[in-house]
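Peer 1: Spelled out, the chains give:
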Amino acid sequence: MAWIAENRRDPQVKTSDTPYLTDALKAVLRDRYFPRYPTKRAVLLPALHLIQHTYDWIPTQALQEVAEFLEIAPAEALDTATFYEEYWLKPKGKYLIGVCRSLACELCQSAKLTDTVRRKLGIEVGQTTTDGRFTLIEMECLGSCGSAPVALTNEVLQENLTPEKLEKLIDSLPADPHDFKDPGITWPEDDKH
Amino acid sequence: MELPELHQIAEKERASQKPIRLRICVAAGCQSSGSLAVKKKLEDTVKEAGLSDKVQVVGVGCLKMCSQGPLVQADPTQTLYAKVDETQAAGLVGAVNGGHCHCATVDPNDPFLAHQFSIVLENSGLIDPERIESYIAAEGYEGLYHVLREKTPTEIVETVIKSGLRGRGGAGYPTGLKWALVAKMQSPRKFVVCNADEGDPGAFMDRSVLESDPHRILEGMAIAGYAIGATQGYIYVRGEYPLAIKRLQGAIRQAKRLGMLGGHIFESPFDFNIDLRIGAGAFVCGEETALMASIEGRRGQPRPRPPFPAESGLWGQPTLINNVETFANIPTLIRKGADWFSAIGTEKSKGTKVFALAGKITNTGLIEVPMGTTLRRIVEEMGGGVENGGTVKAVQTGGPSGGCIPADKLDTPVDYESLAAIGSIMGSGGMIVMDQSTNMVDVARFFMEFCMDESCGKCAPCRAGTVQMYRLLSKIREGRGTQQDIDMLNGLCDLLRNTSLCGLGQTAPNPTLSTLRYFRHEYEQLLTDSTVNGQLPKHPANTT
Ligand SMILES: Cc1cc2nc3c(=O)[nH]c(=O)nc-3n(C[C@H](O)[C@H](O)[C@H](O)COP(=O)(O)O)c2cc1C
Ligand code: FES
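Just so you know, the protein sequences line up as chains P and E, in that order. Residue 42 is where the first sequence starts when you use the working numbering, and the numbers rise one by one after that. Residue 32 is where the second sequence starts when you use the working numbering, and the numbers rise one by one after that.
Derived from the structure by calculation, the hints contain no laboratory data. Worth double-checking, as some hints may not be accurate.
To be verified - One side of the interface only, derived from the structure: several residues of chain E facing chain P at Cβ under 7 angstroms: (1) Gly60; (2) Gly328; (3) Gly390; (4) Ile453; (5) Gly454; (6) Gln467; (7) Phe477.
Unchecked claim - Each computed BS3-like pair below joins lysine-lysine, with the alpha-carbon atoms no more than 27 angstroms apart: (8) E:Lys489 x P:Lys131; (9) E:Lys277 x P:Lys67; (10) E:Lys71 x P:Lys222; (11) P:Lys222 x E:Lys114; (12) E:Lys379 x E:Lys367.
Just so we're clear, the structure is a prediction, and the values are computed from it rather than from any experiment. The beta carbon of each residue, even a glycine, is placed where N, CA and C say it ideally should be.
Please construct the entire structure, taking both the sequences and the accompanying hints into account.
Peer 2: Rendered as structure tokens:
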């Protein structure tokens with residue numbers, strides 16, 4: 042529920058001297074995203090995506106830095122960031138396991154998948170394992186209802202899942218999540234950037 | 032680029048094709064059943080057998096029959112092989128080269144395939160979605176060329192009006208009229224937006240188009256841009272569709288490289304750029320005003336209309352916003368003409384519609400049929416009915432804004448008006464089939480929970496109303512409800528429908544209303560007034 046206000050009074054906002062929004066990231070925003078929009082504010086969502094992509098979540102300090110860079114009030118950045126469910130304002134695990142809980146998947150027993158992860162990793166929906174490796178969430182329809190039940194593991198869609206397949210998948214995930222890619226995405230060399 | 036150059040690319044592409052082609056589906060559905068490994072094996076087998084000059088293996092988009100994957104189709108025979116696994120690769124390569132194999136094939140006369148009529152999906156499963164040349168070889172971008180070089184913007188708008196095309200995003204607003212509205216606005220900057228935020232549970236048509244034929248969307252948007260006088264387009268795509276995002280990014284890059292996007296497209300004065308905008312997990316951003324707020328970098332909350340986006344959209348400028356499937360119709364419509372298009376479908380609903388079949392149905396997957404096809408044909412003939420020989424209880428169309436259609440209404444033709452008349456909507460095209468084991472109060476509660484979670488919270492009827500309705504539905508489902516609760520539920524349905532700010536709240540009651548209308552007995556069976564300690568009483572009202 043996007044409109045539920047969470048208590049965010051955090052007595053210690055952790056700050057660090059090195060900025061999250063590094064010069065390199067600023068350059069990406071400036072060169073790639075500023076030309077696309079008539080206002081800087083419009084770059085807020087891409088900027089948050091970029092921060093999350095780089096650090097896996099969006100620390101408060103990063104939010105402040107982004108706000109400053111885009112010349113908007115920090116409160117406006119927070120207001121927008123809290124609205125969207127995909128932004129993590131708390132750390133999440135290296136692997137985000139999102140089980141689809143929408144109707145078609147539910148009809149095909151998606152609840153068993155969630156239970157499997159719960160049991161296997163000892164976490165509830167919304168929680169992260171203590172080693173920081175996995176976070177379990179439930180997601181709305183992933184647009185693969187024809188091959189229900191499905192789950193999204195980071196950026197890779199897993200279809201026609203069974204509890205056994207999901208367990209096997211979790212066991213086989215590489216140590217570094219950057220090594221975990223959708224095998225179906227290939228690009229000819231000249232298209233990489 | 033001039034036409035001969037475009038043709039040259041197409042020629043070169045066709046010439047590079049080997050006489051025998053094995054098209055293997057690498058769209059999401061088949062990938063999950065192992066199509067990539069099969070593809071690799073096929074490639075290796077071709078190489079080892081020394082057939083590289085003759086046989087070619089290509090990865091293509093969705094071959095539609097997702098329940099039978101991995102699918103491989105052979106050219107030129109068009110044989111469709113189903114459930115191909117690695118061990119069959121050698122046999123399959125042998126078979127297309129004159130031999131024999133025991134691979135399962137799909138009968139081309141199977142109703143699932145035979146009743147399809149492809150416009151939006153015409154290239155799906157035929158072309159390689161990652162290569163622009165493959166799209167060009169299928170006459171891609173030719174429509175855009177002729178539009179830019181030979182037609183005036185007004186002519187294009189008139190063609191679209193004449194075709195009778197209506198928006199495929201749910202509401203069915205006539206596309207040509209919308210284009211005309213934006214075209215006549217005087218403004219130095221206008222925008223074209225493609226709504227690819229597909230979020231209705233049960234809907235996956237747009238995702239499949241984006242993954243299987245991304246250039247079609249770019250071409251459709253560029254034609255729209257020319258018709259209304261815009262130079263910038265945005266595609267707002269869900270963050271949950273990583274493969275679609277990557278395919279679109281690649282397609283935009285390739286189109287820019289070849290000059291189908293950018294400055295002076297096809298040596299005309301027309302400039303047009305498209306950028307991708309990635310959503311962040313909010314269903315309500317599919318609503319057009321919320322979507323625009325999100326592009327502007329704000330919370331995705333809707334605002335009252337008017338003003339409509341056509342008058343005051345992105346940054347206050349006139350903005351054309353259409354759905355993926357709407358844009359996907361444009362290149363073919365332009366190439367083949369308004370008369371050709373308007374001959375398909377019914378009097379008020381022209382063309383085809385893509386439906387996503389899911390739930391308890393034998394053949395899940397994508398189908399594209401002419402408007403006016405009956406639900407019975409779609410569910411029973413094409414979809415093969417309920418899996419394992421069960422019977423259909425209801426079909427849910429239109430997601431959280433739609434309704435549940437009972438089995439005895441399956442002879443209804445699918446068009447905008449007929450579906451509305453029986454309390455559902457065409458919606459974006461999701462169809463979830465439910466069998467006798469499904470409890471309809473559960474279904475109503477499921478969709479109410481969805482609306483409650485996804486309500487943006489801006490207006491009170493939707494914010495508070497969905498919560499109250501969800502509680503009432505839960506109470507009834509858990510056997511604690513009374514007749515009064517059903518009355519209250521009905522009252523809330525009216526309230527939300529009439530007073531909510533945007534479509535989300537206005538249509539949130541639909542699944543509840545339609546289940547109350549057709550399956551009221553399932554609610555009543557659960558009421559406390561009709562149970563004593565959970566036992567059905569001998570009370571006259573409950574003997575029916
Ligand atoms: C809550 C809500 C969600 C919507 N989601 C979508 C969507 O995911 N995709 C879409 O094309 N239209 C969606 N719409 C409809 C859009 O507001 C808009 O009518 C549509 O994009 C217009 O395109 P069309 O004329 O081509 O149908 C949604 C509407 C509402 C109220
Ligand atoms: S319901 Fe799970 S992917 Fe659509």
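Peer 1: So, for every hint listed, does it hold in this structure?
Peer 2: Results for each hint:
1. Gly60: This interface hint holds because 5 angstroms falls under the 7 angstroms limit.
2. Gly328: Constraint on glycine 328 of chain E satisfied, holds at 4 angstroms.
3. Gly390: Holds: closest Cβ of chain P sits about 5 angstroms from glycine 390 of chain E, inside 7 angstroms.
4. Ile453: Interface hint status for isoleucine 453 of chain E: violated (20 angstroms vs cutoff 7 angstroms).
5. Gly454: Status violated, d = 18 angstroms.
6. Gln467: 13 angstroms, violated
7. Phe477: Because about 6 angstroms separates phenylalanine 477 of chain E from the closest Cβ in chain P, which is inside the 7 angstroms limit, the hint holds.
8. E:Lys489 x P:Lys131: 25 angstroms, holds
9. E:Lys277 x P:Lys67: 23 angstroms, holds
10. E:Lys71 x P:Lys222: 17 angstroms, holds
11. P:Lys222 x E:Lys114: Given that 27 angstroms is the threshold and the Cα spacing comes to 24 angstroms, the pair holds.
12. E:Lys379 x E:Lys367: Holds - the C-alpha atoms of lysine 367 of chain E and lysine 379 of chain E are around 20 angstroms apart, at most 27 angstroms.
Consistency with the previously given hints fails for numbers 4, 5, 6, ordered from lowest to highest.
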